[in-house]
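Participant: Okay, here's what each chain looks like letter by letter:
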Amino acid sequence: MKVTSHRAEALGAALPPLLVAADRVAATVWQGVHGRRRVGQGDSFWQFRPFVAGDEATRIDWRQSARSDRHFVRETEWEAAQTVALWRDAGPAMAWRSREAPMEKLERAELLLMALAALLLRGGERVRLIAPPGTLAARPVAGRGGLERLLESLPETGASGLPDYAGLPRHARVVLISDMLAPLEQIQAMVRGFSGAGLRGHVLQVLDPAEAALPYEGRVRFVFDRTGAQALIPRVEGIRGAYAARLREQQEGLRDICTAAGWGFGVHHTDHAPEAALLGLFMALAPEGAR
Amino acid sequence: MLAGLTFASPWVLAALAGLPVLWFLLRITPPAPRTETFPAIRLLLGLNASESTPARTPWWLLLLRMTAAALVILGLARPVLDAGAQLAGSGPLLLVIDDGWASASGWAKRMTAASSVLDRAERAGRPVALLATAPDEAAAAPATTVPMPAAELRIRLAALKPKPWAPDRAAAAVALNAFSSRGAGVVYIADGLTDGTGWNDFAKAFAGFAAVRVVADEQPARLLLPPTSEAEALVAHVAAVPQPLANVATVLAQGGDGRTLARVEAKFAEGASQADAAITLPPELRNRLTRLVLDGPAGAGNVVLLDERWRRRPVGLIGGDPAADTPLSGSLFYLRRALEPFVEVREGSIEGLLGRELSVLVLADRSIAEGPERDAIARWVDKGGLLLRFAGTQTAEHPDGLLPVKLLATDRQLGGAMSWNQPGQLAAFAATSPFAGLSVPPEVHVQRQVLAEPGPALAAATWAGLVDGTPLVTQAVRGAGRIVLFHITANADWSDLPLSGLFVDMLRRTVDLSVGVAGGEEEAGRRLAPVEMLDGFGQPSRPPSAAQAVEAGQIGTLAAGPRHPAGFYGPEAGRRALNLATKLPLPEAAPAIPGAEIEPLAGAAPERVLAPWLLALALALLAGDLIISLGLRGLWRGAIALLLLCGPVQAQTAQQAALATRLGYVLTGDAQIDAISKAGLGGLSDFVNLRTAAALAEPAAVRPGQDDLSFFPLLYWPVAPDAGAPDSAMTVALNDYMVHGGIILIDTRNGGSGEGYAQGAEAALERIAHGLSVPALAPLTAGHVLARAFYLLQEFPGRFAGDTVWVQRDQDRSNDSVSPVIIGGHDWAAAWAIDAQGRNPYATVPGGARQRTLAYRFGVNLVMYALTGNYKGDQVHVPAILERLGQ
Numbered sequence: 000m001k002v003t004s005h006r007a008e009a010l011g012a013a014l015p016p017l018l019v020a021a022d023r024v025a026a027t028v029w030q031g032v033h034g035r036r037r038v039g040q041g042d043s044f045w046q047f048r049p050f051v052a053g054d055e056a057t058r059i060d061w062r063q064s065a066r067s068d069r070h071f072v073r074e075t076e077w078e079a080a081q082t083v084a085l086w087r088d089a090g091p092a093m094a095w096r097s098r099e100a101p102m103e104k105l106e107r108a109e110l111l112l113m114a115l116a117a118l119l120l121r122g123g124e125r126v127r128l129i130a131p132p133g134t135l136a137a138r139p140v141a142g143r144g145g146l147e148r149l150l151e152s153l154p155e156t157g158a159s160g161l162p163d164y165a166g167l168p169r170h171a172r173v174v175l176i177s178d179m180l181a182p183l184e185q186i187q188a189m190v191r192g193f194s195g196a197g198l199r200g201h202v203l204q205v206l207d208p209a210e211a212a213l214p215y216e217g218r219v220r221f222v223f224d225r226t227g228a229q230a231l232i233p234r235v236e237g238i239r240g241a242y243a244a245r246l247r248e249q250q251e252g253l254r255d256i257c258t259a260a261g262w263g264f265g266v267h268h269t270d271h272a273p274e275a276a277l278l279g280l281f282m283a284l285a286p287e288g289a290r
Numbered sequence: 000m001l002a003g004l005t006f007a008s009p010w011v012l013a014a015l016a017g018l019p020v021l022w023f024l025l026r027i028t029p030p031a032p033r034t035e036t037f038p039a040i041r042l043l044l045g046l047n048a049s050e051s052t053p054a055r056t057p058w059w060l061l062l063l064r065m066t067a068a069a070l071v072i073l074g075l076a077r078p079v080l081d082a083g084a085q086l087a088g089s090g091p092l093l094l095v096i097d098d099g100w101a102s103a104s105g106w107a108k109r110m111t112a113a114s115s116v117l118d119r120a121e122r123a124g125r126p127v128a129l130l131a132t133a134p135d136e137a138a139a140a141p142a143t144t145v146p147m148p149a150a151e152l153r154i155r156l157a158a159l160k161p162k163p164w165a166p167d168r169a170a171a172a173v174a175l176n177a178f179s180s181r182g183a184g185v186v187y188i189a190d191g192l193t194d195g196t197g198w199n200d201f202a203k204a205f206a207g208f209a210a211v212r213v214v215a216d217e218q219p220a221r222l223l224l225p226p227t228s229e230a231e232a233l234v235a236h237v238a239a240v241p242q243p244l245a246n247v248a249t250v251l252a253q254g255g256d257g258r259t260l261a262r263v264e265a266k267f268a269e270g271a272s273q274a275d276a277a278i279t280l281p282p283e284l285r286n287r288l289t290r291l292v293l294d295g296p297a298g299a300g301n302v303v304l305l306d307e308r309w310r311r312r313p314v315g316l317i318g319g320d321p322a323a324d325t326p327l328s329g330s331l332f333y334l335r336r337a338l339e340p341f342v343e344v345r346e347g348s349i350e351g352l353l354g355r356e357l358s359v360l361v362l363a364d365r366s367i368a369e370g371p372e373r374d375a376i377a378r379w380v381d382k383g384g385l386l387l388r389f390a391g392t393q394t395a396e397h398p399d400g401l402l403p404v405k406l407l408a409t410d411r412q413l414g415g416a417m418s419w420n421q422p423g424q425l426a427a428f429a430a431t432s433p434f435a436g437l438s439v440p441p442e443v444h445v446q447r448q449v450l451a452e453p454g455p456a457l458a459a460a461t462w463a464g465l466v467d468g469t470p471l472v473t474q475a476v477r478g479a480g481r482i483v484l485f486h487i488t489a490n491a492d493w494s495d496l497p498l499s500g501l502f503v504d505m506l507r508r509t510v511d512l513s514v515g516v517a518g519g520e521e522e523a524g525r526r527l528a529p530v531e532m533l534d535g536f537g538q539p540s541r542p543p544s545a546a547q548a549v550e551a552g553q554i555g556t557l558a559a560g561p562r563h564p565a566g567f568y569g570p571e572a573g574r575r576a577l578n579l580a581t582k583l584p585l586p587e588a589a590p591a592i593p594g595a596e597i598e599p600l601a602g603a604a605p606e607r608v609l610a611p612w613l614l615a616l617a618l619a620l621l622a623g624d625l626i627i628s629l630g631l632r633g634l635w636r637g638a639i640a641l642l643l644l645c646g647p648v649q650a651q652t653a654q655q656a657a658l659a660t661r662l663g664y665v666l667t668g669d670a671q672i673d674a675i676s677k678a679g680l681g682g683l684s685d686f687v688n689l690r691t692a693a694a695l696a697e698p699a700a701v702r703p704g705q706d707d708l709s710f711f712p713l714l715y716w717p718v719a720p721d722a723g724a725p726d727s728a729m730t731v732a733l734n735d736y737m738v739h740g741g742i743i744l745i746d747t748r749n750g751g752s753g754e755g756y757a758q759g760a761e762a763a764l765e766r767i768a769h770g771l772s773v774p775a776l777a778p779l780t781a782g783h784v785l786a787r788a789f790y791l792l793q794e795f796p797g798r799f800a801g802d803t804v805w806v807q808r809d810q811d812r813s814n815d816s817v818s819p820v821i822i823g824g825h826d827w828a829a830a831w832a833i834d835a836q837g838r839n840p841y842a843t844v845p846g847g848a849r850q851r852t853l854a855y856r857f858g859v860n861l862v863m864y865a866l867t868g869n870y871k872g873d874q875v876h877v878p879a880i881l882e883r884l885g886q
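Residue numbers (numbering that gives the first Met the number 0), protein chains in the order written: chain A, 0 to 290; chain B, 0 to 886.
Chain A extracted, bound-state conformation:
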């Protein structure tokens, strides 16, 4: 055995910090949601219902039925696992953070995505990623082990553009995590496409605190590499109000688009705790009866 192989092992063992972080965030939320959703945890009674005529014989849970004289049918609320399609914006605008922010927007989006996936997988849901347009759709994953596969199939960063609904199963739930700073028309077209395909979902806007508050002062030239756009602002403090109004306008527009499509909309700042956003996402995905 060569010396180098040892190094590879050690590296491999330390690889998925994102998974660990996501798992940790997910565990926090799971604990909180769990208590509220299921009174009498571990009591299996409510999961079964007596066999009634018309039920398929194959649905009888024989093990449970053997304990008593009656036949029981396994019927859980989550019986038919729902497919949740997740997407995080991997565009260059996401891979950015201001001096005040603890992490990039993309990192936070991935963390939220993975944590949500972890939560959903714990709940027995099937999770898949929305592949960027033009690439092969990823297979949905399920079960605890699915999280790592999900991580591996996470699209490369740098791919930009809004996702489309091609290849998604009907009635799947969609979660889109992005800064959603694209023009409203594009977003509206996208959401319309999704909802037209019968998909419901939730949009989470992840913003950097600097994007939310525009904390700069004085004479600043704002640039963004990819677009080449420049904005020379002589006095940033003078336009802060106008910028806030524009941002509010964008967010109102997003909210309107989502509401119109029956979607949920949330805003998350990267300097806030990810748990709150995750809880919001998870609650938005939970069946109406469980809320």
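There could be a bad hint or two in this list.
As the list claims (entries may be wrong) - Pairwise CB distance ranges, derived in the manner of DEER restraints:
no.	chain 1	residue 1	chain 2	residue 2	range
1	B	A842	A	P154	50 to 58 Å
2	B	W59	A	E274	42 to 50 Å
3	B	W59	A	P154	48 to 56 Å
4	A	E274	B	L616	57 to 65 Å
5	A	E274	B	A700	49 to 57 Å
The set of hints was computed from the structure by calculation and includes no laboratory data. On a predicted model such as this, the values are computed, not experimentally measured, just so you know. Where is the CB? At the ideal position from N, CA and C, for every residue including glycine.
Fit chain B to the known structure of chain A by using the hints.
Facilitator: For chain B alone, kept in the frame of chain A given last:
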């Protein structure tokens, strides 16, 4: 203070008018924007119309920049502080400098004043001519240089030095009159003295110039005159220009080694031109004086050299006795031979000798009867003469009153034919004796002597004695003089002393004690070469090129000049001093030159150029502005980060070594050996990783003393046959490594079956291990922990096999009983080595896969031993433990 501020380039100041324009431009130009990356830029586009007021540069930054600009302009205008008044006249400027003896005091101030004149002339663009009024070292008369740019004249000015002779006023007047540019201004830096005749012509010569400025010393130099020798004292004379106030001049009397032996003060009364000071010293000290120095600023006029004329010691011998003159038996023969080389010996009758100045009178076995002769001698001794007497039969029979001690009636004979006694030998001289320090030759014997009457004062009067304690030389002070008696004859009749060199030394020391005699005659015609001259500052120096020999007779009458500078002339034994002041006129204050503008010398402060300071301040301000600008644009962090990045590169090597456990090998400098070490330890590391739980990283090469060894559990050190002794840093590092638990495997690579492979490695091992603290060693046996640390081993082969491997003999508990050093010659690294293809490139000797395997196993044991210490030590005791368990 600002009155002295002038600008060398005043037209640059016009640029100050542009400052308001600069102010306006700086105000309306907004600061450069800092650049921020911002993804939400789409929301910002088109927003800047809401507020159109441009951002302004902060007022303090504006002020900073304006100040810097103003400073630059001021600096370029080359301001000069304390520049002095403008020079009068136009055209060439003549700079006249007195560089005679009197200019040595305050020479630096004179140079500053001259330099300031040159500065002003340079600014005015006027050429300058220089006239130094004293003849130069080559005895050339004073002459004016051609007018030249001030910068070139500066070099000449720097070479100018005060001369140890007087200025030549007459010649300077001729040079002044000959100066062609009569309309020019002249600046005269004067020493304030007339310096003899010729002043009037000199002063008149200034009349033809357009403007005359005189920079004069308020207090002209004093002059130390040659002292006069009196009976008890040497009297120093100081001459000066009369001053309205009484003052004091201090005269130092110095010996040949430069030590000051006396310090006296000469008090000038009001308006007095001369003051005297008597230097009273014991004759011994007075005769050591070589120079008198006037305390104060150094100068040739402040020094008077003293030669033998001030301490001549003529020695008188009573002649006329033919028997005493007989070669080899007469006493005068011995005395003359002993004294003549170093003193002036006179012969004659007592009356004749005492009629002149005499220091020492020698009486060899001559009794002085009562009478005028004896009275004359007694008077002479009372006045300070030294009477040196030798004993003899006559003295023994008729002792007179002029003896230091009372003599016994009979003399004593030692070691004769009829005597049992041995001839007496001289005792070593007491420390208080003037003969102290002279070595006593053993061959000197005294056969006969006169004896002093014992008494309490005898010991104090004795300068030299025999071994048995009888005095040989006694002395007594009489009046101002002294009587010395040698208790033997001056010839070889009574003793061997006159035959030995000690006699000469004793006589010389005795004569040195006598009072010198001032003045004296010189034999005519003898020429004395210049030996040691005084320079203008009164310091000894080599004779200048123009210095010539002096006739001995003329030395007292010669005036010091370039041909004959003041100083010492003649051979060592008879040096004569030529003093500057001997023929110099007394200092006389120079009258003012008519029509001249007077400027005091002391007031000439050096001018200060302000431009560099202003420009430096402007640069500092601009640097501050740069920092502030960077801060305003947010680039400040980047600059700091760039600076900080340069730091941590250094520590990386040590960090890498510390990140993983790895084996180390000592670099030998032999590329092939080092390559084998690397390949061998690499192979061993892989083998250990494969077979054990230890995880070793790639081996590292180390240089003990340079690299930190503390991260390596094991060092492999192959001994190159040509290895030299390690340097001290390496030895210290390796000893420290061993003390703190490290293990060094030293491999001579020539053991057992490999005998003859590395010739000379044994000697090299001795060299390299010389400084190492290698403990007592014992052969490595199968019972040692090293043989059981992982595999159970009976032998420890490497590439070679069969040699003894050595480990520490004693168990050292403090170090976990781990041997700090393992020495063997099996060339283990070659056995462990694996090349790039995974093969073993070095065949084992005698060979076989078994030997290779055992070599690897030894390596594993070694690594385990290094990593776990005596963890497997109990294995050694298993039989004993099992036995105990069985019971």
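Participant: Measuring from beta carbon to beta carbon, are B/W59 and A/P154 in 48 to 56 Å?
Facilitator: holds, 53 Å
Participant: State, for the Cβ atoms of B/W59 and A/E274, whether the hinted interval 42 to 50 Å holds or is violated.
Facilitator: Hint holds: Cβ distance 48 Å, inside 42 to 50 Å.
Participant: Does the Cβ distance between A/E274 and B/L616 fall inside 57 to 65 Å?
Facilitator: Distance hint for A/E274, B/L616 holds at roughly 59 Å.
Participant: Is 50 to 58 Å a correct range for the gap between the Cβ atoms of B/A842 and A/P154?
Facilitator: holds, 56 Å
Participant: May I ask you to test the hint 49 to 57 Å on the CB atoms belonging to A/E274 and B/A700?
Facilitator: holds, 51 Å
Consistency with the previously given hints is maintained throughout, with no hint failing.
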